[in-house]
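Model the placement of chain B on the given structure of chain A, informed by the hints.
Chain order of the listed sequences is A and B. Residues in the first sequence are numbered from 1 upward in steps of one, following UniProt numbering. Residues in the second sequence are numbered from 1 upward in steps of one, following UniProt numbering.
Errors might be hidden in some of the hints.
Which copy is meant is left open, because identical chains are indistinguishable; a pair holds if it fits in one copy or across any two.
To be verified - Heads up, simulated DSS-like pairs for lysine-lysine below, C-alpha to C-alpha not over 30 Å straight-line:
#1 Lys-65 to Lys-51
#2 Lys-241 to Lys-257
#3 Lys-245 to Lys-257
#4 Lys-133 to Lys-245
#5 Lys-133 to Lys-120
#6 Lys-245 to Lys-120
#7 Lys-106 to Lys-257
If you're looking for bench data, these hints aren't it; they were derived computationally from the structure. Note that this is a predicted model, so its numbers are computed, not measured.
Number of protein chains: 2
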Amino acid sequence: MNNIAAAFQEPLDSTSDEPLYAQLERRILQLIATGVLDENVPLPTEESLVKTFGLSRATVRRCFKDLVDAGHVRRRRGLGTFVSRQSGQASITRSLNFSSEIRALKMTPSSRVLEFRTIKSSASIAQNLHIAKGANVWRIRRVRLADGSPVLLTTSFVPTLLCPKLSEQDLEHSLYSRITEQSNALPARCEEIYDAVCLDETDAQQLDVPIGSPAFRIHRASMDTRNRVFEISIIIEPASKHRFKVSTDIDEVHFEKIFDMG
Amino acid sequence: MNNIAAAFQEPLDSTSDEPLYAQLERRILQLIATGVLDENVPLPTEESLVKTFGLSRATVRRCFKDLVDAGHVRRRRGLGTFVSRQSGQASITRSLNFSSEIRALKMTPSSRVLEFRTIKSSASIAQNLHIAKGANVWRIRRVRLADGSPVLLTTSFVPTLLCPKLSEQDLEHSLYSRITEQSNALPARCEEIYDAVCLDETDAQQLDVPIGSPAFRIHRASMDTRNRVFEISIIIEPASKHRFKVSTDIDEVHFEKIFDMG
Chain A
1 MNNIAAAFQE
11 PLDSTSDEPL
21 YAQLERRILQ
31 LIATGVLDEN
41 VPLPTEESLV
51 KTFGLSRATV
61 RRCFKDLVDA
71 GHVRRRRGLG
81 TFVSRQSGQA
91 SITRSLNFSS
101 EIRALKMTPS
111 SRVLEFRTIK
121 SSASIAQNLH
131 IAKGANVWRI
141 RRVRLADGSP
151 VLLTTSFVPT
161 LLCPKLSEQD
171 LEHSLYSRIT
181 EQSNALPARC
191 EEIYDAVCLD
201 ETDAQQLDVP
211 IGSPAFRIHR
221 ASMDTRNRVF
231 EISIIIEPAS
241 KHRFKVSTDI
251 DEVHFEKIFD
261 MG
Chain B
1 MNNIAAAFQE
11 PLDSTSDEPL
21 YAQLERRILQ
31 LIATGVLDEN
41 VPLPTEESLV
51 KTFGLSRATV
61 RRCFKDLVDA
71 GHVRRRRGLG
81 TFVSRQSGQA
91 SITRSLNFSS
101 EIRALKMTPS
111 SRVLEFRTIK
121 SSASIAQNLH
131 IAKGANVWRI
141 RRVRLADGSP
151 VLLTTSFVPT
161 LLCPKLSEQD
171 LEHSLYSRIT
181 EQSNALPARC
191 EEIYDAVCLD
201 ETDAQQLDVP
211 IGSPAFRIHR
221 ASMDTRNRVF
231 EISIIIEPAS
241 KHRFKVSTDI
251 DEVHFEKIFD
261 MG
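So that you can see chain A by itself, here it is in the shape it has in the complex (with noise of 0.2 Å):
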C-alpha cells in the first residue's frame, strides 16, 4: 500500500466539532509536511476523496478551494492538482524531514547508520514514548549528512509496534513517510528542548568536529494527530554548521534555523 493509501485509511471524525473540509485539509497539509505529497506526485482526486471518505462533494470541494486560496496547492490543467514548492516548507517538513531541507538547499542529502537494532527499552525511553518498561523499540543511529559532510548525528526511538517492519534501506528515505505507512500516525507537531554541549570523543569523530568543540544537543519528541508520541530522538548539531534567529516583536517570537555549511 503506498504512503497516501495509508494515511487516507483513518476514517475522519464526523462527531468532531471541527467540520469535515476542515479535518480533510489538515490531514492533506500533514502529507505535505511530511513529505509524503511533494511538487511531483498529484493529489488524490476529488472524486477519489468523496468515495474515499463517503463526504459530499461540496465538502471536497471547499477543502480543495481552501488548499488552493491559501497557496498550498495548484490546479495544473490536464494533470491534476499539486503541491505548490513554497508548500513543501511548512514548519514541520523542516522540523522532521532531513532529506527535503538538505534538497531545498540545492544538496545531496544521505545517511550513514551507525546502530541500528531492536532493544527493550529503558524506564525512560518507556515513559517518554508512553510505552510499558522493557518494550521493544528500534533505536536508530545515524550520521546526517549534505554533499558527504557530517551534518549531525541523530539517535531515534520508534516503538516496534508502531513500525514492526523497518530495513536499514527504509532508514535511507525518510523515516517517518515509513512509520506513516505503517502505523497510519501522521506526524502533526514535535517538542524540542535545546541544550548546549560540547561534545565527547565519540560524537566529535562521527562528526567530523575537534573534541570538545560546541554542539546544540536537541531532545525531540514527535506526536501524531491523536497525540500519540512514534518517536522520540536525541539530535546533536554542532555550533560550527547550525545556528538559529529568534525574532522577537510585541507578541510574536519566530523561530528559524540556520543552516552553514561554509
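Relative to the frame of chain A, chain B by itself:
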C-alpha cells in the same frame, strides 16, 4: 521627565495608513512590553491622551476598549486603568527585561557591573548599530544575578548620541527604560542569533561555572518603532541554567526560554 511622558512626546502619524487608535494602542503596548507601564502604575487617563495628542475622544475610547477587550489592561473603579498581570508577559518584555523576568520567578534580580565606559565604535559595531565608524558608544559589561547567583553575562553597546547621560546607578534598573526616556526610542522588536560555545576562563569565572563548560552565546540587535537599532549586545547564558523549548506544528513554531536555577 518621567518615562511615560517621554514615551508620549513623539506625535502620532496622521498621514499613516494605520488608524490613530491603532497607533496609540501600539504605543501603549510598547510601554507595557518594556516594563515602563506595569500593574502598579495607572495608564494616562483618556482625557490626558485626548489633550496630549489632540485626538478625538472617540479615537482614545476605541483604543482603550480594544486594550480592555484583548485583556491587556483592566479598569479599576475609582483608581484608573491598569496593565493586566499577564500582559506584562508580552514576548518582548521577556526578551529585554531581565529584572521583570526574574521577579516573575519570585527571585531578586541584581547586576554586577564589570565595565562601563564609552569607546570609539569598531567597524563591526558601527555597522551593526548603523552609525559612523569611530562614533562614541557606551560599552556596558554586566553579570546579571538572581538571588545573588550569576545567571548570564551581557556586553551591550549603545550609541551615546541616543543616550548621552547614563550612570552606573541607572544600570541597576532597566537600561531600556533609561534609553526610552532620553531618546524616545521605544523598543519594538529584537533579533537574536543563537550559537553554542564552550566558555573561556574569563567568562566562566564571572558566571561561576567550570572553564570549558557549554553555553549559549546570543548576538542581539534591538530596534525601536522607527526600526533604528538602539542597542546591540552579546549575551552568554550557561547551559547549566538555560535551555529552550521549540514546539512545532503544521504551520507554527513556538519558542520559549526555560530558565532553571535548580
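We went through each hint and held it up to the structure:
no.	hint	verdict
1	Lys-65 to Lys-51	within (18 Å within a copy, 50 Å between copies)
2	Lys-241 to Lys-257	both (11 Å within a copy, 22 Å between copies)
3	Lys-245 to Lys-257	both (6 Å within a copy, 14 Å between copies)
4	Lys-133 to Lys-245	between (38 Å within a copy, 26 Å between copies)
5	Lys-133 to Lys-120	within (8 Å within a copy, 62 Å between copies)
6	Lys-245 to Lys-120	between (38 Å within a copy, 28 Å between copies)
7	Lys-106 to Lys-257	within (17 Å within a copy, 33 Å between copies)
Violated hints for the displayed structure: none, as all numbered hints are satisfied.
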